[in-house]
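*Asks:* Generate coordinates for the entire structure from the input sequences, incorporating the hints supplied.
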Amino acid sequence: MKFSIEKKLAGTLARAGTIETANGTIQTPAFVVVGTKATVKSLTSEQLRSLNAQVVLANTYHLYLQPGTDIVEQAGGFGPFMDWHGPTMTDSGGFQAFSLGAAFGQQVSKVATGKAPMQNIDLEGLYSNKSNPLAKVTDEGVLFKSHLDGSKHLFTPESSMLAQWKLGADMIFAFDECTSPTAPYDYQAKSLARTYEWAKRCLVHWNKLNAESEAGLPEKIPQEFRRALFGVVQGGRFQDLREQAARDLGSLDFDGYGIGGSFTKDDIGTAVGWVNALLPEEKPRHLLGIGEPIDLFEGVQAGCDLFDCVLPTRIGRHGTLYTHDGKIHIKNAKFVADFAPIEDGCTCYTCTHHTRAYLAHLFRGDEITAGTLASIHNVHFLLRLVEKIRASILDDTFFEYKKEFLEKYSR
RNA sequence: GCGUCGGUGGUAGAGUGGUCAAUUACAUCAGACUGUAAAUCUGACGCCUUCGGGCUACGCAGGUUCAAAUCCUGCCCGACGCA
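Each residue of the first sequence is one higher than the one before, counting from -4 in the numbering used here.
Worth flagging that the hints you see were computed from the coordinates, not collected in a lab. Model, not experiment: these values are computed from the prediction. Ideal placement from N, C-alpha and C gives every residue a C-beta, glycine not left out. Worth double-checking, as some hints may not be accurate.
Capping the alpha-carbon separation at 20 angstroms, the derived lysine to aspartate or glutamate pairs in EDC-like fashion look like this [to be verified]:
id, residue 1, residue 2
1, K32, D78
2, K195, E135
3, K3, E209
4, K3, E15
5, K278, E15
6, K140, E153
7, K398, D262
8, K185, E135
9, K383, E399
10, K195, E153
11, K322, E399
12, K147, E135
13, K403, D339
14, K403, E338
15, K195, D248
16, K185, E238
17, K2, E276
18, K383, E338
19, K(-3), D262
20, K105, D261
21, K(-3), E209
22, K2, E15
23, K185, D134
Pair ranges (Cβ atoms, derived) [claimed, not checked]:
id, residue 1, residue 2, range
24, A206, H142, 26 to 36 angstroms
25, D65, T108, 38 to 48 angstroms
26, D65, K131, 21 to 31 angstroms
27, T265, A5, 12 to 22 angstroms
*Replies:* This is the structure:
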């Protein structure tokens, strides 16, 4: 992998650039579509190509459990397995330490909502084993109970590197602990220290795997074809922890950085800015799991190059669609006889072929095509949005575009 | 015509003297979802309310009872059986 910065936006941390990989080039900032189990839910790889998706991210935990990393390796990696031949990424399984651990059975997500996210949460319950979670974090690694069959599996930095090696992505993430936005300072600090130790172990093991695979080769693999390892910055909502993590990880020889973990809706841009101000400028930064339109503007402005998010496909499947005037719930009664497209002027397949009334009908009838058509529209919406953000950096109209978009979107 | 069974909220279908404005499911109306335990989950769902409660309701009309969706009588309607 090779990252080049094409243009920096004056007065901000934002930049536009390119990431070259063995499987193609990514224009950044870029929105990475999430294909957890080597499929973007409800979409075929052909549809991803039609949408001009640039890069797909799969998940180590899910593919390790099913069908198993060896099967994926035999297929040539998760990209070829799913007939996706562009750039790829895999997440390390670290997020599942959160979603199957502290978040299990709680109504917390990685982005806390509300003005006082630390209140009204049962911390006692969160950090005891009351909710009987499927993941338990120790210094050695994370002990998972499979959500599929209850079987137990230990993920360590080393096993995650090996699994990701087999999954074959161009860019992979270090194994980290994604903490809850409700976790108190003491826990965040303790977890951060652990994630730092894990980061070093990941680096060592990843280098070992690479060295072994290159041993028999006549010459060294050129940088752009080498597979990349991204370190993951944690630290919750605390400035000192975030900055410490950025300095510590920034001094290690990672190819790029992921920014993970906890935020509140209001501090995404701020907290990310703390981090990116300290991370090495010449390496790409991926804001993990973030993808509301507003967050994308904030993240870019704060210096992020890559974003991934399940929202477009998840909320799409559940009947919520993006428009430039804000989100709409297509199942609402007012759309049953609305024969306009989801959004006038939208060039996606769904909008150029189908009406709101048809979508409303498919959703009400529980037809699986509803999820597909909605996902096509939502993914198209976010991909085009980030493309426009990129263009606005290149021609110095970022702030005008941001203002124009947000005024309409959040009106 | 006789006999049997049955008529419950938008639908299906529980309940068979008080704890019933009535289990549940579906439908309906809304909401949530940010490195996917997610084609998922949550709330509302007779009318009114100062949120204490009040009112009207289980085919219709009467009756028994302190109390009826639940028991009795008549009527109307439906299914099946016998003529």
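*Asks:* Indicate, hint by hint, whether the structure satisfies it.
*Replies:* Going through the hints against the structure:
1. K32 x D78: Within the cut-off at roughly 13 angstroms; holds.
2. K195 x E135: Holds, because 13 angstroms separates the two Cα atoms, which is no more than 20 angstroms.
3. K3 x E209: Violated: K3 and E209 sit about 35 angstroms apart, past 20 angstroms.
4. K3 x E15: holds, 18 angstroms
5. K278 x E15: holds, 12 angstroms
6. K140 x E153: Distance of about 19 angstroms is within 20 angstroms: holds.
7. K398 x D262: Distance ~19 angstroms between K398 and D262 Cα, so the pair holds.
8. K185 x E135: holds, 14 angstroms
9. K383 x E399: holds, 12 angstroms
10. K195 x E153: Holds. K195 to E153 sits at ~10 angstroms (cutoff 20 angstroms).
11. K322 x E399: holds, 16 angstroms
12. K147 x E135: holds, 15 angstroms
13. K403 x D339: holds, 14 angstroms
14. K403 x E338: It holds: about 13 angstroms lies between the C-alpha atoms, which stays within 20 angstroms.
15. K195 x D248: holds, 9 angstroms
16. K185 x E238: holds, 15 angstroms
17. K2 x E276: This hinted pair holds, its Cα atoms lying about 12 angstroms apart.
18. K383 x E338: holds, 17 angstroms
19. K(-3) x D262: violated, 30 angstroms
20. K105 x D261: holds, 13 angstroms
21. K(-3) x E209: holds, 18 angstroms
22. K2 x E15: At roughly 16 angstroms apart (the allowed maximum being 20 angstroms), E15 and K2 satisfy the hint.
23. K185 x D134: Holds: K185 and D134 sit about 10 angstroms apart, inside 20 angstroms.
24. A206 x H142: 26 to 36 angstroms: For H142 against A206, whose Cβ atoms are near 35 angstroms apart, the range 26 to 36 angstroms holds.
25. D65 x T108: 38 to 48 angstroms: Once the Cβ atoms are compared, 40 angstroms apart, the range 38 to 48 angstroms for T108 and D65 holds.
26. D65 x K131: 21 to 31 angstroms: Holds, since D65 and K131 (Cβ atoms, about 26 angstroms apart) stay within the stated range.
27. T265 x A5: 12 to 22 angstroms: holds, 20 angstroms
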